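Engineer: These are the residues of each chain, in order.
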Amino acid sequence: MSKHIQPQLFDTNQEIEWCPGCGNFNILKALKRAFTELEKKPEELLLCSGIGQAAKLPHYINSNIYNGLHGRALPIATAAKIVNSELTVIAIGGDGDMYGEGGNHFIHTIRRNPNITMIAHDNQIYGLTKGQASPTSNFGMITKLQKHGVINRPFNPLSVAIGLNCSFVSRGFAGNIEQLTSILKKAILHKGFALVDILQPCVTFNKLNTYKWYQERVYNLDDEGHDPHDQQEAFRKSLEFGDKIPTGIFYENKENYLNTYEQNVGVDDQALTKKSDDSRDITALMLEFT
Amino acid sequence: MSKHIQPQLFDTNQEIEWCPGCGNFNILKALKRAFTELEKKPEELLLCSGIGQAAKLPHYINSNIYNGLHGRALPIATAAKIVNSELTVIAIGGDGDMYGEGGNHFIHTIRRNPNITMIAHDNQIYGLTKGQASPTSNFGMITKLQKHGVINRPFNPLSVAIGLNCSFVSRGFAGNIEQLTSILKKAILHKGFALVDILQPCVTFNKLNTYKWYQERVYNLDDEGHDPHDQQEAFRKSLEFGDKIPTGIFYENKENYLNTYEQNVGVDDQALTKKSDDSRDITALMLEFT
Amino acid sequence: MSVDFNIKIGGEAGQGLQTISSALAKTFLNGGYNVFVSHFFLSRIRGGHNFSEVRISDEQINSKKNSVDLLVALDAKSIEHHYDELNEGTVIVLDINSIESITKEADDASYFDVPFTDIAKDISGHKIYSNSVATGAIVGLLCYEFQYLADVLTRAFESKGDDIVQNNINAAKAGYDYAQENYATQCYHMVIPKDKTTNKILVTGNEAIGLGAISGGLQFLSAYPMSPSTGAMLYIADNADKFNIIVEQAEDEIAALNMAIGASFAGARSMVTTSGGGFALMAEALGLAGITETPVVIYLAQRPGPATGLPTMTEQGDLQFVINASQGEFPRCVLAPMNPKDAFYLTVKAFNIAAKYQIPVFLLGDQYLADSSFTVPIFDQDNIDVEHWVLSSEELDEIEEYKRYLITESGISPRALPGSSKHLVCADSDEHDEYGHIDQTIENRIKMNSKRLKKNEGLVKEIFPPLEYGSNDSDITFVGWGSTYGPIKEAVDTLTKKGYHVNMVHFNEVYPLPQETVTSILKDKNSLIAIENNATGQFTKLLYSETGIKISQSILRFDGLPFTADNIIGKLHDMEMI
Amino acid sequence: MSVDFNIKIGGEAGQGLQTISSALAKTFLNGGYNVFVSHFFLSRIRGGHNFSEVRISDEQINSKKNSVDLLVALDAKSIEHHYDELNEGTVIVLDINSIESITKEADDASYFDVPFTDIAKDISGHKIYSNSVATGAIVGLLCYEFQYLADVLTRAFESKGDDIVQNNINAAKAGYDYAQENYATQCYHMVIPKDKTTNKILVTGNEAIGLGAISGGLQFLSAYPMSPSTGAMLYIADNADKFNIIVEQAEDEIAALNMAIGASFAGARSMVTTSGGGFALMAEALGLAGITETPVVIYLAQRPGPATGLPTMTEQGDLQFVINASQGEFPRCVLAPMNPKDAFYLTVKAFNIAAKYQIPVFLLGDQYLADSSFTVPIFDQDNIDVEHWVLSSEELDEIEEYKRYLITESGISPRALPGSSKHLVCADSDEHDEYGHIDQTIENRIKMNSKRLKKNEGLVKEIFPPLEYGSNDSDITFVGWGSTYGPIKEAVDTLTKKGYHVNMVHFNEVYPLPQETVTSILKDKNSLIAIENNATGQFTKLLYSETGIKISQSILRFDGLPFTADNIIGKLHDMEMI
Ligand SMILES: Cc1ncc(C[n+]2csc(CCOP(=O)(O)OP(=O)(O)O)c2C)c(N)n1
Ligand SMILES: Cc1ncc(C[n+]2csc(CCOP(=O)(O)OP(=O)(O)O)c2C)c(N)n1
Ligand code: SF4
Ligand code: SF4
Ligand SMILES: [Mg+2]
Ligand SMILES: [Mg+2]
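Protein chains in written order, with our numbering: chain A, 1 to 290; chain B, 1 to 290; chain C, 1 to 578; chain D, 1 to 578.
Incorrect hints may have been included.
Claimed, not checked - Result set (SDA-like, lysine to any residue): computed pairs, CA atoms no more than 25 Å apart in a straight line: (1) D:K525 with C:Y544; (2) D:K454 with D:Y469; (3) C:K160 with A:G225; (4) D:K454 with C:G537; (5) B:K191 with B:E44; (6) B:K244 with B:E255; (7) C:K541 with D:N66; (8) D:K194 with D:D58; (9) D:K127 with D:T117; (10) C:K121 with C:A156; (11) B:K207 with C:N239; (12) C:K403 with A:N13.
I should point out that these hints are in silico values taken from the structure, not numbers from a laboratory.
In this text the structure is predicted, and so the values were computed from the model without any measurement.
Throw the hints in and build the complete structure from the sequences for me.
Structural biologist: Pasting the structure below:
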């Protein structure tokens with residue numbers, strides 16, 4: 001089979017609206033590769049996104065897509081998955097999308113643990129709205145709006161996810177397609193909610209966190225023999241974001257009670273739509289009202 | 001001075017709408033005590049709340065109050081504080097209020113670090129709406145709505161706050177007024193955003209997490225010589241919630257860049273309303289448009 | 001003999017008013033009566049003063065009555081607050097031991113003391129049975145056959161074991177006997193069972209909507225709890241397993257509607273339940289359903305606003321909000337049930353319309369409808385059709401190239417589900433082309449926006465005309481909408497009996513309004529009077545703006561309470577119309 | 001000589017269209033012309049096809065023109081897309097080296113090749129100066145005095161150092177000279193500077209609202225970025241330090257409006273900036289401002305919906321939404337600026353009305369107003385009053401017992417700030433008593449709800465009548481609102497010049513509408529034609545429902561673009577009205 005599936009399977013003829021050199025291109029490439037290597041078919045995929053530069057990605061992959069509202073990819077993705085657990089569901093968005101506007105869904109979707117993959121293109125900036133600080137912007141970074149520098153401390157998606165015992169927590173870097181592809185594959189294969197935060201240079205608006213800036217700092221957790229089953233260690237690593245920035249798989253939770261949302265609801269074996277039929281006899285229910 | 005201030009100073013003639021025996025009464029008592037011992041005056045206080053049983057509390061304390069929308073106490077409190085930094089501002093709500101509907105404000109207010117105190121009456125249930133699961137409900141707990149037990153893993157406000165390097169993170173128990181009063185006082189005195197999560201038995205709807213249940217489990221972190229400046233240790237402790245439940249001050253952050261929001265904005269010395277006057281000459285601005 | 005008897009039970013939150021009213025209601029329902037049960041609660045769990053009313057009639061009733069024929073006082077406030085509502089000779093049943101002090105003298109009314117608690121302890125060993133004693137005493141005072149109550153208690157406590165059932169029955173019987181033995185004339189009022197097989201059920205609006213949703217094929221419900229809608233969510237959750245329905249408590253209302261939309265996109269018939277404040281948070285997602293043309297049903301149970309307002313009371317204050325919510329312009333439909341029977345069928349219709357037109361459809365109820373129990377005939381399931389309007393596998397196989405947003409004559413594009421075939425399904429909240437991909441050209445914009453709005457033409461034809469009731473040739477026509485149907489109809493009946501010529505035109509499908517039909521019904525009527533449970537006459541404005549029919553007289557109520565026929569007639573007097 | 005010259009500059013996002021258009025605009029503004037600059041952008045940062053237009057006139061202009069007198073093509077699409085808009089003989093300026101292929105033959109239009117990049121590299125050493133070359137070439141083709149451009153460039157690049165300034169000027173001058181030397185007739189069109197001290201400025205709607213807010217006493221702005229409103233937030237942030245204004249980027253729009261309300265409660269004049277989708281998330285907080293009677297200003301810049309829609313384009317599709325948003329009933333005010341001048345003064349008014357009536361006030365703009373630059377006279381600051389309507393310390397000292405929600409004749413209660421005296425200030429989103437504490441009684445509900453709605457009576461008197469323009473005795477009256485003022489006025493002027501009898505009635509204060517005034521203005525007019533930038537005629541509906549005036553003919557545009565006078569006149573032809 002595998003040799004018949006070609007990477008072009010996931011190409012579309014949509015014009016790509018990103019700036020030349022943007023980190024998003026590599027994320028797109030890595031994701032297509034991951035789908036190819038996992039032998040996915042376009043019709044098995046559902047890519048849900050919010051609004052932002054990152055959130056345009058689904059249009060560039062030949063698949064089912066739901067490009068919804070800014071900040072709301074996760075509830076759409078979660079519900080679609082619970083209704084049709086046969087779909088491979090990915091939620092995609094920017095750091096503003098996923099952690100700012102969508103922050104509440106982020107923390108509560110982790111709690112639900114649906115078997116979906118969340119990909120955050122973390123360029124530490126609001127791209128589409130032209131360069132305001134995002135929740136993950138570095139402290140002190142100057143932007144057009146934050147003229148005296150960002151005064152909020154950065155949101156740490158990894159430490160929050162690990163603190164919430166999230167089932168899979170990882171960070172990739174758009175400058176390393178190999179590693180990113182491998183992380184994405186593991187995330188998609190992981191049964192449960194998988195977070196992939198991706199360091200993504202925005203060449204137009206983020207003049208601080210450039211390719212070079214990241215390149216000088218990133219290292220692979222694998223190289224340090226990091227044990228992803230150790231929550232405490234994962235937390236320690238998640239706090240590291242300065243001269244050194246770890247990438248790879250921080251945390252993987254295999255505890256028993258971490259059944260997926262679909263399992264807990266009892267629809268992981270078969271799509272809900274196939275389970276329930278329209279012959280709904282409510283006679284017995286009505287009799288309770290006498 | 002202190003001997004002239006009486007606890008009754010904070011009493012109101014509002015009828016208290018809580019069920020007899022509810023943990024809220026002790027929280028009310030502890031908070032009044034804290035204000036008394038800190039020699040606060042009613043007019044210096046601003047108590048902001050959302051909607052729920054807990055959120056009714058401000059009506060029972062003689063003070064300025066803003067009882068706003070479900071989930072939205074924090075933005076109200078933050079903005080009021082930044083406008084008038086001379087006020088002692090407290091944000092109060094239930095676990096549903098603060099971590100469910102208001103979850104996004106929780107994580108982002110921590111990032112801003114205003115010098116306010118957030119009090120969450122954590123009864124692990126939705127009280128006012130009659131007993132649905134809350135974000136902190138124990139896994140598996142059966143409720144009227146969650147008939148097969150809660151399937152989401154509980155939200156952990158402490159681990160999230162510690163992961164976000166929150167400036168002060170603590171847990172009290174409504175069954176221990178002494179300790180609670182002392183925590184509340186420290187939280188109010190603490191310069192920066194202070195979280196006080198309070199284990200609060202709901203005698204009507206939560207038949208699992210009762211006084212007894214908590215009493216059998218809680219212990220004081222002080223007794224273990226816990227160092228609240230150690231983020232890693234604080235995190236470890238925050239994950240403990242089972243046979244043993246730690247209470248006390250988990251984490252206190254005194255790092256330098258943790259200036260408060262008011263300091264960062266430059267209004268901690270004087271209320272904004274006193275700083276800015278109405279003589280706004282825009283002539284110079286207009287000239288830029290030629 | 002014509003029966004129209006109103007029992008009011010007052011007490012604190014947590015004293016079990018609903019247990020008593022529910023047992024009484026079913027007892028009389030099963031004896032062939034029409035029963036109507038309404039509640040007044042404060043937004044608290046214990047204490048305060050609440051009350052329930054059980055109205056018993058041999059005619060169809062859909063509303064409360066102002067005057068009280070029997071008052072059961074579980075606290076002193078019950079007497080203070082409701083003293084003015086009593087008729088001459090109304091009996092007040094109470095347990096004198098458990099009431100602190102009585103401030104009202106018994107002139108018109110007479111007290112009848114029943115030691116609820118003592119009897120309960122004596123007979124069944126615990127004071128928790130005192131509500132059953134009270135219930136029994138009331139049934140006794142009405143000299144109604146005890147067996148009906150015994151049956152009701154049996155079914156109510158069945159699941160708790162035989163002992164509990166027996167204790168409750170014993171307690172009730174003791175109360176019953178005590179009343180008959182001690183009340184001066186034995187029967188305070190005589191109510192005789194009529195008919196054992198009535199085919200009637202007693203349901204609230206929330207339950208009827210729950211039943212309608214189940215019957216109408218609901219598969220996914222997401223909601224964040226909010227009074228007065230939570231009952232519908234709970235009812236569906238209680239029965240979810242039997243029908244493979246998923247009920248999800250969302251973290252907030254934004255998630256709730258987005259989830260329902262995601263579920264619908266993936267193929268499930270989906271719904272949210274909420275109230276005005278929750279819906280306010282859904283306004284953006286409403287537009288998402290609009291532009292992605294995703295069917296979804298929104299049940300909004302209104303309560304008085306603005307903001308938190310009066311969370312446990314009733315109002316019709318959100319009509320204009322739901323019609324105009326969300327940026328931009330797109331079709332939607334608003335159905336406003338008159339009563340639970342109507343609610344049931346309209347809920348089914350809501351799902352079908354949502355599916356057919358691929359739009360959001362509102363069920364606009366209110367606390368009065370949501371929480372009150374109405375007697376209705378058993379719902380007829382024969383004509384329930386679950387219409388999916390989704391392409392079948394065969395149809396999909398035949399399609400060469402699938403376009404989710406194909407431009408069609410009707411504005412409705414063929415709907416496929418993602419993963420159901422090899423065709424890909426793309427949806428986008430941006431303006432998009434026929435494939436569902438972002439398209440910012442003006443040519444496309446005109447086509448797509450027009451296509452969506454085109455659906456209104458078909459939609460308006462689905463709307464049933466308003467209900468007309470009362471004499472053809474009338475001096476006064478009441479115009480109402482939604483849950484005010486009951487009180488208005490009763491006002492028409494009462495006035496007709498008194499010889500007035502009045503009738504009513506009542507709207508339960510309120511948006512879009514079929515202009516011609518509505519105009520032809522209303523244009524020649526004399527003296528239109530709008531009746532609305534709000535302060536600004538929102539439907540009156542809608543009617544005017546959509547049809548040009550201007551109603552210049554109105555009876556508005558915005559104090560948090562529902563109308564009664566008596567209110568309406570009283571207002572007519574004030575207005576010197578009668 | 002009468003000048004009305006339209007320069008269009010087309011190219012990809014990121015090619016610097018705005019730099020060129022802005023330099024050109026100021027160059028002609030400072031020579032005494034009225035300039036109007038508008039933009040068409042796609043929702044992307046690089047690539048695609050965008051364009052800007054600079055229209056230069058010696059008359060007041062507030063709108064775009066359909067036909068193009070000079071096209072600057074930075075890409076091939078500029079020629080393809082806009083070829084039909086060219087006049088006979090329109091010159092197309094381009095750098096043939098940087099354009100892949102030209103598909104259109106030059107029949108009516110003639111190409112004029114200027115090697116922008118080569119000149120830039122030659123003269124200033126880098127291709128980044130090619131936009132200055134282009135700008136210079138255009139000024140050269142119009143034989144306009146170069147010094148104006150030199151001054152503009154000096155000020156634009158001042159902050160980057162003398163070298164950069166000089167490089168830009170040199171590049172521009174080279175372009176200027178190249179044009180004059182190589183264009184067949186030296187001047188393609190002659191534009192002569194008129195007047196050096198014009199007292200006019202060139203501002204966008206966003207900037208004017210920013211200036212109005214600053215002038216009107218703004219102290220706290222919270223917002224979540226959203227096109228097309230972000231410009232206002234940015235403008236205010238740029239100048240916040242000078243006036244002690246706090247600008248807070250919120251985590252979402254819910255926080256934004258709640259923060260603005262919290263800030264206002266604590267005493268700051270506060271505001272949010274957003275667009276429809278962001279406002280949708282604020283709907284609940286709108287009601288919070290309503291019930292707690294907290295002043296707040298909401299600037300909503302409309303863009304085409306539903307949902308994400310067309311994020312960078314224009315529409316007037318949210319009027320009914322803002323008027324009806326949020327559950328329950330409470331007063332609000334909606335002001336819809338006609339142009340930046342109006343926007344400035346209405347912004348000040350918005351703050352004062354919000355403060356006086358303690359209500360939310362909307363500034364309803366749109367992308368056309370927000371992003372286009374208009375020539376306006378310098379704003380007059382003499383009549384700007386910042387009215388606080390807050391109790392002073394002295395007044396508070398005199399009050400025995402303070403009640404935040406005192407029932408008054410006008411419905412307006414005296415407002416104190418928390419912490420400003422020993423009086424406590426309590427606010428509640430529940431229905432509350434005069435002190436601001438929860439009160440669920442029906443008596444209180446009636447009082448409080450009526451008190452709030454009572455404010456409408458005073459409020460409607462603050463609303464100015466619509467603007468009337470054009471001949472008194474006319475056959476056709478255009479009725480418009482908000483930003484369509486410019487194109488409608490121009491249509492009236494053009495038609496009048498052609499001998500038609502047309503006039504216009506334009507609304508910029510749209511809610512609540514003063515019924516009598518409006519009726520008296522409109523009732524005797526012939527052939528009313530509504531002009532709206534939406535598909536369903538939202539203002540037409542509002543006007544009808546509020547005043548009974550029915551407009552049955554309309555010109556609607558909903559393709560994402562603003563009107564031009566030519567569009568309107570064209571439609572009138574189609575409708576056979578002229
Ligand atoms: C409700 C709402 N608020 C605001 C916006 C405007 N908006 C669009 S994208 C965006 C943020 C973009 O930043 P991010 O999510 O980080 O994505 P990026 O463009 O950086 O990939 C915002 C604020 C919107 N579309 N909807
Ligand atoms: C927007 C909105 N959604 C829902 C509600 C209904 N509601 C009121 S209180 C509450 C939750 C109460 O739980 P919690 O916050 O834990 O407070 P508690 O009553 O337990 O103290 C809910 C869902 C509301 N008032 N507003
Ligand atoms: S603006 Fe930044 S994030 Fe967006 S496409 Fe350009 S480089 Fe990428
Ligand atoms: S319902 Fe629970 S939380 Fe609310 S007052 Fe009663 S005991 Fe307390
Ligand atoms: Mg980003
Ligand atoms: Mg709670």
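Engineer: If a hint holds in the structure, say so; if it does not, say that too.
Structural biologist: Comparing the hints with the structure gives:
1. D:K525 with C:Y544: holds (22 Å)
2. D:K454 with D:Y469: violated (33 Å)
3. C:K160 with A:G225: violated (58 Å)
4. D:K454 with C:G537: holds (15 Å)
5. B:K191 with B:E44: holds (16 Å)
6. B:K244 with B:E255: violated (30 Å)
7. C:K541 with D:N66: violated (40 Å)
8. D:K194 with D:D58: holds (9 Å)
9. D:K127 with D:T117: holds (5 Å)
10. C:K121 with C:A156: Measuring from Cα to Cα gives roughly 20 Å; hence the hint holds.
11. B:K207 with C:N239: holds (23 Å)
12. C:K403 with A:N13: holds (15 Å)
The structure fails to meet hints 2, 3, 6, 7 from the earlier list, while all remaining hints are met.
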